[in-house]
Each structure stands twice: as C-alpha cells, then as structure tokens.
Amino acid sequence: MGILEVKDVGKRFGGLQALSNVNLSVKENSVHAIIGPNGAGKSTLLNCLVGKLIPDSGSVMFDGQSVLGRAPFEINQMGISRVFQTPEIFGDLTVMENMLIPIFAMRDGAFRMHAYETVANEREVIEQAEQMLEEMNMADKRHMHSAALSRGDKRRLEIGMCLSQKPRLLLLDEPTAGMARADTNNTIDLLKQISEERDITIAIIEHDMHVVFSLANRITVLAQGTPLVEDDPQNIRGNPKVREAYLGESA
Amino acid sequence: MDAILLQILNGLDKGSAYALIALGLTLIFGTLGVVNFAHGALFMIGAFCAVTLQRILNLSFESVDESQTDFLGNPLKVKTPYVEAWFGPEAGAVIIDWSVPLAVLFAIPIMLFVGYAMERGLIKFFYKRPHADQILVTFGLAIVLQEVIKYFFGANPIQTPPPEALRGSLDLGVMVGFDPNAIIYPIWRLVYFVFATVIIGGVFAFLQFTTFGMVVRAGMADRETVGLLGINIDRRFTIMFGIAAAVAGLAGVMYGPLNPPNYHMGMDFLVLSFVVVVVGGMGSLPGAVLAGFLLGILESFASTTWATTTIPGINQIIIYLVAIIILLTRPRGLMGRKGVMED
Amino acid sequence: MLGLDKKDTTLLIIVALLTLLAPFLLNPFPSDSAMAQFNAGYPDLMQRFVIFGIFAVGFNILFGLTGYLSFGHAAFLGIGSYSAVWMFKLFSYNVIPAIALSVIMAGLFSLLIGFISLRRSGIYFSILTLAFAQMSFALAYSVLSNPKFNLTNGETGLQVYADDPQMFHRDGLPDLPHLFGLSMRSTYTLDMGAWSFDFNAGYYLCAVIMMIVFYLAIRIFRSPFGMMLRAVKSNQQRMNYTGLNSRPYTLAAFVISGMYAGLAGGLMAAMDPLAGAERMQWTASGEVVLMTILGGTGTLIGPVLGAGFIKYFENIFSKINDSVLHGWFAFLPDGMEDFVVAVLHPFVGKGWHLTLGILFMLVVIFLPGGLVEGGTRLRNWFRGKRSGADDKPSGKTEPAE
Amino acid sequence: MSNKSVTRRGVLKTGAVAGAGVALPTIFTASSASAFTNEPTGGTVTLGFNVPQTGPYADEGNDELLAQQLAVEHLNGEGDGGCLNTFTSKALKGNGILGKKVTFVTGDTQTKSDAARASAKSMIEKDGAIMINGGSSSGVAVAVQGLCQEAGIIFMAGLTHANDTTGKDRKKNGFRHFFNAYMSGAALAPVLAKEMGADRRAYHLTADYNWGWTQEESIVASTEALGWETVNTVKTPLASTDFSSYIAPVLNSGADVLVLNHYGGNMVNSLTNAIQFGLLDKVANGKDFKIVVPLYSELMAAGAGENIKGVLGSMNYNWQLENEGSKAFVKSFGEKYGKPPSNSAQTCYAQVLLYADAVERAGSFNPCAVVEALEGFEFDGLGNGKTLYRAEDHQCFKDVLVVRGAQNPTNAYDTLEIVEITPVDQVTYPPDHPMFGGAEATLGECNEGA
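Protein chains in written order, with full-length UniProt numbering: chain W, 1 to 251; chain H, 1 to 343; chain E, 1 to 401; chain S, 1 to 450.
Because the hints were derived from the structure by calculation, they are not lab data.
Take the hints with a grain of salt, since some may be wrong.
[Unchecked claim] Using 30 Å as the maximum straight-line C-alpha spacing, the simulated BS3-like pairs for lysine-lysine come out as follows:
1) W:Lys141 - W:Lys27
2) E:Lys233 - W:Lys154
3) S:Lys90 - H:Lys77
4) E:Lys385 - E:Lys7
5) S:Lys93 - H:Lys79
6) H:Lys338 - W:Lys52
7) H:Lys128 - H:Lys338
8) S:Lys339 - H:Lys77
9) W:Lys154 - W:Lys7
[As the list claims (entries may be wrong)] Stretch by stretch, here's where chain H covers chain E in the computed footprint (C-beta under 8 Å, at least three residues):
10) 127 to 140
11) 331 to 341
12) 348 to 362
Even glycine gets a Cβ: it sits at the ideal position worked out from N, Cα and C.
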C-alpha cells in the first residue's frame, strides 16, 4: 500500500478524454517520476491530486484518506506540498517573509485571526524559517525582495517553503523546465539530498530524462491519458513500448 | 403587447448608447488593460464638439435695430450669422439646422487627435503602472477636461437640436397594425439606434477583416508574442486608442439631440459604462455590446409602472441588481476571457 | 513601546503630536491677515481631516494590503452615520452607544456584502462592491425615505426631530451629541495676540479615536495576519497551495475596513447629527480610493495625508473668491492686480475641482508612490545634502523583524 | 417633549460641569464675552453666501452669488443703491449694517447636504459669519437651516421650493422668501382650468425624492380640486439622465396632460424627451396634449431651449415684472452683469436686504432680535410687490407668477412670458396645513448661540 493511491481516475474535458483508468501507487519515501509525451495528461493528473481539478471517476487516496472534493489548502494541510513549473512565490514579500508564511500555515492552520500579535515576536517561527533558509543556502538573501531573486534561487526558495511545512509528499511539476544546465544540476542535487536526508516522498513530473533518471527510483509512463507501464528506471529504459511511445518521439 | 414592444424599442435605443460607450471603453480597458476613468470625458467632449460647431456656425456680426429694445430699454443688437451672410439666409439656415450631423464629420478628426494625444502624452507611461495609478491619473484628467469645458460653456445644459426634418416622432404602431398612438417613437432616437449599429458593425468589421485588425486582436490575446514577431504593436495600440476615443466622441455627438449636453454628462455615464463592460466580460467586444443592449432593455422594462408597483424602487437599482446576479452566476461576466483584470 | 518597534513607535508619536497639536499647526497665520484664508484649524475641518483619515486608514487595510479594490466603501460610512443618528433619535445624544452601533452595523453589512463580493476577484469584485453601494445609495435617497417607512429621510438627510423618543435624554444634557454631558460642539478659543486657536471637544474625541485605530492599524500591518493579507495580494495561488484559505483572510480584512468606515460614519454623525444619502454615493467611494492612492497605497501614514490633502482643497480652495484674491494682491498696481486675479480665478473658488484634478495628475506622474514617496524623496534629499552618500536605497518593504 | 425646551445656557452650564477643570467651553467660536454667536465686534460684519459652485447647479449658484454681491454693494452705499430706493422700509442708509461695513465669504454647497453643512460650518466657525444665505435645493436648505438653528445664527434660504422647508422642518432661525410647491399648485390651478378646461387627465412624472413628492402632492391636490383626474404618478430616479422609458407610455395611458415634477437637469431632459416624442403635437381624448412644468427657472428655460414653447409653469419672480422694485433691481443687476437676474438671484438679493433691514430695525445683530423684527414684517419694493413674512412659519406670502414659454422670443432673456400674476390671497394657506406638517409643526425656540 503506497502513501498515494490513485485508482481508476478518469477526467474528460468536453470531447477530450484527458485521463482514463489511471492507476498509480506511490510508495512511501520513494522518488516516483511520472513521465510521458506532451498531452499525455501529466498535468491534468497532478491537478487532480492537489484539488485543482476533480476527476470524473475513480479515487485518490492519500495516506488512507480521500483527497477528492477538498480544496487545495485542505490537501496541503493533509501533508501534500506542490512545487510549480514556474516558481510560485510571494514576489512582493521578502525572502524571509516567504519562508515565514508556510510555517505560520503549518502552525496555525488554514486561517487564524492573529491580527494583534506581531510577526517580530514569533521567535519560534522565525527560528524555523532561519534554519530553513540556512539549509537552502539563502540566509544571506533574507531581506531581499523575492521578486528580485534569480530563477534558480526562486526555485530553491519555493522548495524550501514547501519543505518547511514538513510535508509527507512533495509534488514537483517539471521543476527544471526552462533552467540552465548548471541550475538544473543544482536542483537535482538539492532534490537528491532532500530525498536522502528527509523522511519525505517525492512525486515528480518531468520531461527531462536526465533529471528523471538521476532521481527516480520508480517511474510511471503516461500516454494518451493512460498509464503505459510502471517500473524501475532500468526496466523503463529498456522497455520498447516506452521507447516507441515516448523516448523515440522526444529524442 | 404594444407596451412591451415600445419598451423593447426603447431599451434598444438606450442600449445602443450604452453599447457604444462600452465598446470604446472595452477597447481601452478590456484589452489594453488601462482603467480609463476619462472615458466618460471623451463622450462629453464629443457632445461638445457638436456644441462648438453649432457656436461656430452661429458666429454672427451685430447690427443695431433701433425699432426694438433689449431688456434694459437700449436699442436691440440683432445678430446675423456669418454663414447666413455668406450662403444666403436659406442655405445658411439649412447649414445651421444640420449642425449635429455635420458635427459628426467635425468630431472624427478632433476625437482621433484627442485619443492620440492622450495615449502618447499620458497613458503610454501608465501601461506598466498599477491600476491604482491609472485610476488616479485618468480621474484627474477627467476632472480637468470637465472643468475646462465648464469654464468655456458653463454648467447649464446646452441644446443641440436635431435637424428640423428629423425632429418629432413616428407612429410606428400604425405601420404594423396597432392603434394610432400605441407605439410612438422619436425619429432621432431611431437615427441613433441605426447610427450605433453602423458604428458597432464598422468596428467589428474593421477588427475582423483588416490585417490591422487581425494584428490588434492577436495583440489583445498575447501582446508579447506579437511584439516578438517584430510587429510594432504599440503604434497600433495608439491607433486603437484613437479609434476608441472617436467611438466615444461620436456617441456623444449624436447623443446631444436626445438630451442636451452638459459638462458633467461624462461622469453620469462613467460608472454605468464600467458596469456594462464588466458585465459583458473583460476583454470581450461582443460581450460589451451585448451587455449594453441587455441592460438598456432591462432598464426600460424596470421603469414601467407594472415593474415599479410590483417591486418599489426596482427602476433605481435594476442595473446594479442585474450586474450582481450576472457576476455571481457567470464569474467572468457574459463573455469574459480568463485572466483579464482578475487580479 | 506598546509592542511596536522603534520606527513604528516614532511614527505613532509623530501622528499623536500632529493630531493633538493640530489646532496650532493648522492655524499658522494670524486670524486677521490675508493669509488667514489658508488656516484650516477650525473645528469642522479638523474633525473632517481626522474622520476621513480613519476612513482611509481602514480602506487601506483592505486595498493596500490585499489589493482588493472596493468601490463601495462609502456605503459602510453611510450605514454608520444612519445607525448613529438612529441611536440619537431613539435613545440619547450620548455619542458612545451611537458610535458603537455604527461600528457594529457597518461590520454586519460588510460581512454580508464582503461574503458575496469576495467570491470574485479583480475588477469583478470592484464592480460588485460598486453595485451594492449604488443600490444602497439609491434606496437610501428615495425608496427608504417614503413617508410610510422613513428610515433615511432621503435627500434632506436623517436628523433628530423634537418629537423623537430619545428615551434616555434628560434635562440638563446638551441638545446636541455629547460625551456624558460634554457637548461635541464645545470649543475653547485661545487668543494669543493676533492668533487664535480653537480647541474643540468633538475634535479631540475624534483625534483620540484616530490614534487608537491608527495604532491598531500598525498592529495589523505588523501582525502575521497583515503578512497573510500581503500574501493574498502577492500570490493567491501559492497561498492556497501553502495550506492557507485566502477567503476568510480577505473577508476579515473587508470587515475590518468596513468597521473603520462605519466608525468614521458614526463620528461624522456624532460631530454633526445629520446623515445625508450622498455620503453613500459612488463619488464618495471613489474619494476614499483617491485619498488612499494619492497618499500612498499600502503605507501607514499615506491615506491620512491623502485624506487631509483632498479635504483641504475641498474646504479651503472652494472658499477663495475674487474679492479674496483682490484682497491679497491689492499691493500690486491696478492693471497687474486684475491680471493676476484673472489668471488665478479659474483655479480657485468654483474652480477648485480643476486645481484638484491637476494636482492628482501631477502627484501620480511625478510621485508614483503618492505623497509618502514625496516625503521619502524630500527626506533622502536632505540627508543626501547633509551626510553624503551613505543612504541605503529606499527599501520598498520593511523586513518583517 | 418637555426636555426640548432646555436653553443653550443650560447646556453651557452642564457642559462646564462635565468638563470640570477645563476652561469654560463655548458653543462655536465666540469669545466668552459675546452675547450671541459671532457677534461682530470690529468695524465689519460678515455674511456667508453658501451657493452651489460645482455640479449641475453651478450656474444657478453663480447667479445667486452675483445678486448677493450686488446686495452687499448696495448695503455699503456703492453702485446705484438698487432696491434700497424702492424698499418700503427706510431703515437702511447705505452705510453698511448698523454702521458696520458689510463683507462676505462664499462657500460651495455642491448641492449636497453634507458638503453644504461643511461649508456653512466653515463660514460660521472660521470666518465668523453672522448669517447664511443661498442654496438651490430643498435638501440643502433644510440641512443648513437645521445647522444654523443649532449654531445660533440666522439662515435666509435661497431657492428652496419644497413645502417642508417652512413646513415640518421649519425653524425659528430660518426664513424663506421663495415660494413653495403648495403655492405653485394653488397659482397654477385656475390658469390650468382656464387654458385647458376642467376635464383633463393628468400624468405625473416626479423626481423620486422629497421635493418631488411634495410638489406632486400639491399639484395633484389642486388639480383634482378643479375636477381633473390623475391617471398615473410615476417616480423617476434622481440619477436618471434619460427619461424616454418614462415618456414612452404616456400617450397610450389615456392622459392628455403631462406634469413634470422635475427640477434643473432632470426637467431639461424630461421636457426635451417629451418634445421628442412629439407629445405637444398630439391630440388625446379629443384635446390638444399639454405639458406643465410647475416650477420654472430661467436657467432651466435656457437649457430646455425651444422645447419650452407654450409650456406652463410658475415662478417666484420674473425680471419682466413691471413694479418699481423690480425695475430698480433689473436695472442695477443688468447694468452690472449684462443680463437680467434670474428668480433665484432675486430671492437671494431680497433676502440679504431683508436681513440687513431687520438688523437695522432691531438695532442689534442678535439673532433673536432679528427673528422678532422679521416675524410678521410687511414690506414692498423688492420686486415681488406687497409681501408678508408670516410669523407662524417664516414663509413669505406674495403674488405668484404663472409663466409660459414664449412662442417668439426676441432674445435669450424673454423666453418666458408672464401669463398671470396670481394674487397672494389665492396661494395663502393656514400655518397648520397638513402638507406643512399639520398642527405638530413648530418653529421651536430662537437660538442665539453662545
């Protein structure tokens, strides 16, 4: 039984069957990659997992509880954090504030009317945030306006924000898309480190095979809205069906 | 039945004014993303183009008529317009009589220039500024334009009557077999409706069938990409601004004979035109036109005795009530595009 | 002090000094000099500065922090005023219960309107709030003032009549709004040579309340809640995926700012027990938007400055007429005098709108951050003069610590 | 209620007790030596002219302001003296008021009660105005009248036509020279009967606020007394700029007279719309269709242009009146400003002179003394003929004009022609008339402030 169990999920947009009979099981503490050609339904699947879309059929269970019908913030509170394709951070706020918000969210829940307290007096939260910034090697940038960060730093900040909530499942949507090679390698190293050092499961949607094979220990291949195969990386590499459906095309 | 037809007709007429103003506004606001609080002022300037032309045509020389006296008992100064002196009394009188239709021609270059000057001189610096700044600067501009007009023309409304031939009303009911006096409608209001239809059709055709229009529509959808293609979209947007100003101005010129222009008529329409554009949906020209006509018709029906006795005060709030209902049932108005002015 | 850091404490102290000393600061010219026209230190205008300051500070909690632009906040001000006058009519002229009720009623209405309007964002939200406010105005102006059910007294404005019950009114209490017997109109005039200064009870009540709510606004700005509101403005998507529900945050901000507006409305009625429907019209809602932007959106002191700026023009410039102008320039030779008066004539008196419009444009063109930015630039310029180049680039947002 | 009779002095005492330790508070800015609010101490006395200077009524306000300035000139002995020469009371000498030179301050009402009160307060608190005059709407008049009552100064209303100003909202410190909706109805009715017959069916369009309602009530009452039938009364939103949807059903309703209870911009537009629909060219119930605008003003006539031809209405005053006072005023105003005065200008002019005269006769600026001097004061020579300031409700009673849009005006100023000068007896009503608040309406106590 995996921490995330997707059973028979189907989703239709008008005449387009985006997903059908998707079954997926993500094992605890694994790095599970979901790959597939463009239009295979990767993003749709991801959106079904985080509550942005509601599938027409099937079930999505996280740690034994259904996520279907819950709003994104509720699913996050269950322990799923999401990293976006283009980093989604609070651009108008400082790096430090960016880091404080998820920690407040973890401590106080989805809403709390803490209008009379002062941020500066929340020592515990600030300490946690500072610690996470240290770990992300961003402590020196804490007073910077986060919109002014480089793309790689924004990515680090976003991942740090997600990690600060100690999620059990981290979902990454093409985390290296549009990055320079050096930034990509840095991100790979960071994710490797995270999966080794932390008690955390990672599910990653990725296009870049270099990233996938550097990180994943389990891979699901999606094609035309259906899982083609789910296996270990070395088997995927040799699988002719996958080559035909995906690698052949994109190579 | 006849009462319903009458209110539909009236609604179409009201709606054509709303649609015209909203059309111009949505070109600027819904597509360039500029919150233009000076749009009402453009409408007002249009109307005052007609007033100005009327004044120009009535420029007169004075001669003293000893046989009559003015209110203080002094000999009366009689004014004769130069136009009448030059073209003869009859032809001159006809020209003066037709000053509003002539003002359409007079207003087009003026409004194009006003729009051009506004965009190049002011608005272009505000494309990347927050909406709040756009509101403040265009509101300031609207006040200035309004006060300038007030300084020269006063606060009192000024009549710009339609030509003699187009005054009065038609008994439309008789034409389709109703009793006399059942459906009476003013000729100029029918003219306004036809005029609005032509202008709206013209703008749509322009955007639909010309290459210029295609580029502009593409630019509305994705400004950056079109810019990357090496097309100077900024210049085209300037021209669009001019066109939007001209549409608003012409709406104003033709509106004058319906209700005499005054310097604050723009502000009276401002809020309403924003409501129309938003109800139509941001970034949608057909939406703005549709919403204009829809709100016009609903407003007409809400003002019937039947409606006001059923729900007291409905005529006061109908527009806003409908706006709320539409925005709550259709998140982006009638035909709005996703992501336009939603944050 | 009071849980504020040094910078905020300084700001609060400055605001406190400015409001408490306003009777002196606003009357800098001797009362019989030609410049006395520019004196703003009379009770009514001082009260207005402070009341509209409260209104704008509250509006800024919504608009400045969350970015949600409400175009209907005047409705809450109006509801506050009507509630207060009804308190006067039914119970007593004491201002405390009246103000309390206005805050509560405005809170309730803003809860309802905010709950509905916040289902949409951006311009759609603005138009929803505008629609609600315009409906309130239209109803208050006519429908709700019909003789059978007169809730608002329409065009004239709701006021206290001699035959109103006023259950707790006693002989010996002022026939005007009062604070436990101290009439809001009580004024002590201090004559100092050619100068005269007015100390008005109502003004000081407003000033004290303003300091309290300004302090609360600072607390909100510096609180985790305030940070969450700024997060709403910055990126709602990230907020939702961080486990935060943005809706109650925005609704709370909406209700708080609605209550500020209600408080302002209640105070207006307490200073002058008449509630006119026009204070709910869209132009009134637009005015507070302009005040906030003009002063500096998202800054603490900006909205107060913006409010003062606009009210000053409305009340001072509109009263400068040609004979005042002639009085000023009487020292010039006749032709010159007439010329100068003719040049200035369009900008003052009935032309005060024109001056205001021009200033709006100048401020937004040259000071993108509003009047506060003007202040910052001025300060930097002075510092630059004095201490050379050790100035940091003006930080846009203060660090959270 | 009995507790309402508490005097301002009583208030003062409790105020002082409550503020124990605080210096003696005074109401409004008056030094503690003053006997009443803003008692003039130097060589000048300040009057406050509160008129709309922005918004739709700015031109009307400007006209009022011109007249007020003219009045100040005449009081100070400048110019030709205007109506001082024709006024039946000879107390005014052209040397200011009680020997003090008259100065004035101006403010902008914006035609909003809030703004009007703000600017009136600023004149009282800052400039020390002893009297407020002007305004162009009843809402503003009632609001400012209430303020002046509280402040303890005199309010001389400008253009205000609603019954309430001297009806249920009447105040001891407030005075109205202008006529009112009831008088319009009473004056118009006989003329309407004569011109249109007693068998007419009227359709009312009414601005949906207080003034509109009182006017509709007055006109309906007086026309129904003639035997007219009221087909329908339709309320139109104040913010309307286009009345086509209200005009469209009129012809089909069986009515043959349209009554427009609109003022200012509303009236200009509704009348323009009605003419567009060709109502005046139609025949209904076998009679020529007619339009009535119960309250006319010169500026409305100018705004409505040719559309007013033949349309009946009533006015407080018209410059074409041929009495001595009117001629003196028109000459004086016309020579200075190059145009004849409007009826609101005449009201404001007369009000300033009446106030000044009352002060002279009372020998004091004390508002209570002024009230006493004005109450029941009979005069002539200000342009309206013989006039009475009735003591019971502070309403002026004088002849009312019924006017009609001229068919062939020779210039911009004679667009209205006088049809009838309705004698004052016909428009007089008892002070406790139900339209004026009935028996409960009271002026209250005079308030002298400090």
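Consistency of the hints with the structure:
{"no.": "1", "hint": "W:Lys141 - W:Lys27", "verdict": "violated (36 Å)"}
{"no.": "2", "hint": "E:Lys233 - W:Lys154", "verdict": "holds (18 Å)"}
{"no.": "3", "hint": "S:Lys90 - H:Lys77", "verdict": "violated (38 Å)"}
{"no.": "4", "hint": "E:Lys385 - E:Lys7", "verdict": "holds (23 Å)"}
{"no.": "5", "hint": "S:Lys93 - H:Lys79", "verdict": "violated (42 Å)"}
{"no.": "6", "hint": "H:Lys338 - W:Lys52", "verdict": "holds (16 Å)"}
{"no.": "7", "hint": "H:Lys128 - H:Lys338", "verdict": "holds (20 Å)"}
{"no.": "8", "hint": "S:Lys339 - H:Lys77", "verdict": "holds (14 Å)"}
{"no.": "9", "hint": "W:Lys154 - W:Lys7", "verdict": "violated (34 Å)"}
{"no.": "10", "hint": "127 to 140", "verdict": "holds (count 9)"}
{"no.": "11", "hint": "331 to 341", "verdict": "violated (count 0)"}
{"no.": "12", "hint": "348 to 362", "verdict": "holds (count 9)"}
Going down the numbered hints, you'll see the structure goes against 1, 3, 5, 9, 11, while the others check out.
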